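As they're listed, the protein sequences go chains A and B. Counting in our numbering, the first sequence tops out at residue 462, every number present. Counting in our numbering, the second sequence tops out at residue 56, every number present.
These are computed hints drawn from the structure, not numbers from a lab. It is possible that some hints are incorrect.
[What the hints assert, rightly or not] Partial list, computed: chain B residues near chain A (C-beta under 8 Å):
1. R13
2. R14
3. G16
4. R17
5. G20
6. G34
7. M35
8. V38
9. L40
Just so you know, these numbers come straight off a predicted model, no measurement behind them. Don't be surprised by glycine CBs; every beta carbon is placed ideally from N, CA and C.
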Amino acid sequence: MTDTSINAQSQTGEAQFGDYFALLKPRVMTLVVFTALVGLLAAPVPVHPFIGACAILFIAVGGGASGALNMWYDSDIDAVMRRTQKRPIPAGKVTRDEAFAIGITLSVFACVFLGLATNWFAGGLLAFTIFFYVVIYTMWLKRWTPQNIVIGGAAGAFPPMIGWAAATGGVSVESVLMFCLTFMWTPPHFWALALFMRNDYDNAQVPMLTVTHGRRATRVHILVYTILLAILAVGTAFTAVGGPVYLAVAVVLNALFVKGAIQIVRRNEDMSEADNFAAERKFFKLSLLFLFAHFGAILVEALLRQFGMGGW
Amino acid sequence: MSFQPEHELHKRRFGRNLGLGLVLAAFVAIVFGMTMVKLTRGGLGPKPATQEAGQ
């Protein structure tokens, strides 16, 4: 949302277009769009460019719709947490009913049109992803178990599978590997965030690992998941979607990621507070680069393969 | 011929209406584009994966 729209809002008290767009979590959407695009382009079946672009748009709209439904259900939590207080509902710009109506409408639109544009398996998988994120994660897991982010992470891991399904009409080992990559990446990414956002989850009474098992246990969990992720990420290099470029990226980034996790586990709260959680913040930023670089490398391998290079 | 002065509501909702108008225009363009692609490829149903792979 721009400054202009904020000013307009404060002057008129009426939601602007940007406020409704903010319901779709545009920053999260970039991850959805990119990973879905990689899934679509890495698939061995060529897709018409216009249909491919439409498929990515519908997947993005579906992801955004689930974000709107998440904001509708979690508006009480969002109002308490510093990180989410400026979202359209707690900021008083959009009502809960509006968010619900937009979320449901866009969900149906995205699934139906993805089905029409590509195939009904992809449309169904998008519908399941929205269901998983809104019902399984938001309504059930998030407020109930410290494993919320572990299981709920599956919702964010589906887009490359949907992209792959849009091209092929099905699921394969390669698309499952791309799913696993995001699935295993999610817990350390969010636990690092929970460490440096400190009291946010406590205040909102969300049972994050930092709240239920303590910050020490969270640091250990980050290291364990990072090691498991490294094995998976480097191992993927030797599958059909991997290759030398991917291997080089995976080795470098996983070495840095494991090093960051070891640094986190060696620190205690006093050390972290002394430098305002510098290592945790650095690890979180690296995690963003980590995912984009891995999927970027899969995309490079797929493009090279078209010219008779790439892969093993 | 005189035009009625623009109501304050129209000014207030200009950004919102413009955004919605653009979204609707994009929607029409997408449906038209998809229809054209489907028709020129010889059928409105999705092609089986194996058939496309062989192309």
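| said: Given a cut of 8 Å on the nearest C-beta pair, is the interface hint for R14/B held or broken against chain A? | reply: holds, 7 Å
| query | Is the hint on V38/B kept, meaning its closest Cβ partner in chain A is under 8 Å away? | reply | holds, 5 Å
| query | Can we keep the M35/B interface hint, with Cβ of chain A closer than 8 Å? | reply | holds, 6 Å
| task | Go through the hint on R13/B and say holds or violated, using the shortest Cβ distance to chain A against 8 Å. | result | holds, 5 Å
| query | Does G20/B pass the interface check with chain A, least Cβ-Cβ distance below 8 Å? | reply | holds, 3 Å
| Taking 8 Å as the limit, does the beta-carbon of G16/B come near enough to a beta-carbon in chain A? | holds, 5 Å
| field | When the least beta-carbon distance from R17/B to chain A is tested against 8 Å, hint result | value | Because about 5 Å separates R17/B from the closest Cβ in chain A, which is inside the 8 Å limit, the hint holds.
| Is the shortest C-beta separation between G34/B and chain A less than 8 Å? | holds, 5 Å
| request: Against chain A, run the beta carbon of L40/B and see if the smallest gap drops under 8 Å. | output: At 12 Å from the nearest chain A Cβ, L40/B fails the 8 Å test, so the hint is violated.
In this structure, the one hint that does not hold is number 9.
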